[in-house]
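Peer 1: Chain by chain, the residues run as shown.
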Amino acid sequence: MKSAVVQLPGLNRDRDMIAALTKISGKAPVTVWQTETEIPDVDLIVIPGGFSYGDYLRCGAIAARMPVMQAIREKAEKGVKVLGVCNGFQILLEAGMLPGALMRNASLKFVCREVKLEVANAETAFTRAYAQGQVLRCPVAHHDGNYFADAETLKAMEDQGQVVFRYAEGTNPNGSMNDIAGVINAKGNVLGMMPHPENLIEAAHGGSDGRGLFASALDVIAA
Amino acid sequence: MIKARVTVTLKNGVLDPQGKAIEGALGALGFDGVGHVRQGKVFDIEIDSADKAKAEADLKAMCEKLLANTVIENYTISLA
Numbered sequence: 001m002k003s004a005v006v007q008l009p010g011l012n013r014d015r016d017m018i019a020a021l022t023k024i025s026g027k028a029p030v031t032v033w034q035t036e037t038e039i040p041d042v043d044l045i046v047i048p049g050g051f052s053y054g055d056y057l058r059c060g061a062i063a064a065r066m067p068v069m070q071a072i073r074e075k076a077e078k079g080v081k082v083l084g085v086c087n088g089f090q091i092l093l094e095a096g097m098l099p100g101a102l103m104r105n106a107s108l109k110f111v112c113r114e115v116k117l118e119v120a121n122a123e124t125a126f127t128r129a130y131a132q133g134q135v136l137r138c139p140v141a142h143h144d145g146n147y148f149a150d151a152e153t154l155k156a157m158e159d160q161g162q163v164v165f166r167y168a169e170g171t172n173p174n175g176s177m178n179d180i181a182g183v184i185n186a187k188g189n190v191l192g193m194m195p196h197p198e199n200l201i202e203a204a205h206g207g208s209d210g211r212g213l214f215a216s217a218l219d220v221i222a223a
Numbered sequence: 001m002i003k004a005r006v007t008v009t010l011k012n013g014v015l016d017p018q019g020k021a022i023e024g025a026l027g028a029l030g031f032d033g034v035g036h037v038r039q040g041k042v043f044d045i046e047i048d049s050a051d052k053a054k055a056e057a058d059l060k061a062m063c064e065k066l067l068a069n070t071v072i073e074n075y076t077i078s079l080a
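Residue numbers (the working numbering), protein chains in the order written: chain A, 1 to 223; chain B, 1 to 80.
No wet-lab data here; the hints were simulated from the structure. Some clues are possibly wrong.
[To be verified] Taking lysine-lysine pairs in the DSSO-like style, the calculated list, with each CA pair at most 30 Å apart, reads:
id, chain 1, residue 1, chain 2, residue 2
1, B, Lys65, A, Lys155
2, A, Lys116, B, Lys20
3, B, Lys65, A, Lys109
4, A, Lys27, A, Lys109
5, A, Lys155, B, Lys11
6, A, Lys78, B, Lys65
7, B, Lys41, A, Lys109
8, A, Lys187, B, Lys65
Please take these sequences and the hints and turn them into a complete structure.
Peer 2: As structure tokens, this is what we get:
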């Protein structure tokens with residue numbers, strides 16, 4: 001399966017993401033710059049983390065209005081998988097491709113630590129390598145990860161299994177509603193999450209719990 | 001030249017951790033009787049036109065498209 005990594009000024013997790021995708025799929029992803037209006041034929045588009053446009057205005061707000069986002073939206077409508085991690089998640093929300101918003105952490109502090117993540121829906125294209133309810137280790141590093149959606153939207157998302165990851169075992173680092181760490185769109189091909197699975201894929205990282213997400217999305221699950 | 005001020009505030013019911021911290025800090029400074037504090041953003045925007053109706057329509061579009069995230073924020077527009 002082929003993948004692409006989007007690059008914007010201020011994103012800084014793109015190299016980690018490229019390394020993870022290359023190691024897990026055996027193929028280096030293509031990179032796509034923010035001004036590009038066409039994206040090559042790929043199966044997975046990843047918007048990595050960082051601080052696009054210095055987090056000015058709102059995290060992800062300016063990036064979400066760049067030309068490449070229209071191209072990503074069109075690909076998503078055709079069923080191509082899209083993954084947004086950290087700032088990538090914020091960008092997908094600002095672009096209106098996922099419901100809700102991410103607010104400043106309840107503690108008002110930047111959090112950089114490891115959390116426990118529960119797989120709340122193991123039947124998505126991104127999580128089928130995991131078991132339902134499996135608890136993963138995963139690092140987080142963000143200032144605005146406090147997920148918010150109005151009561152009606154939240155209920156609909158919970159009912160439809162759109163909450164894919166939850167902070168588990170009391171490790172919610174940001175005050176996020178319902179301990180939400182990651183959500184998927186109704187169609188099931190656009191996933192946004194605050195934690196960084198790309199930073200836990202091999203022994204050198206101290207664990208490989210994040211590997212299953214890429215193995216699922218890239219269709220390289222070991223038999 | 002039209003000068004406009006756009007004010008963006010959080011919707012009611014949206015938690016405002018920064019407002020809460022400011023509220024606490026005001027109390028700590030000894031200001032009594034401070035109730036809820038909600039923080040927001042102000043944009044002063046100059047528009048090179050004399051057409052107020054068009055400016056207002058444009059400002060509304062700017063708010064909807066960029067200045068406010070209408071999932072969590074409200075906005076008001078005032079022209080000088």
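Peer 1: Return the numbers of the hints above that this structure violates; sort them in rising order.
Peer 2: Number 4 only.
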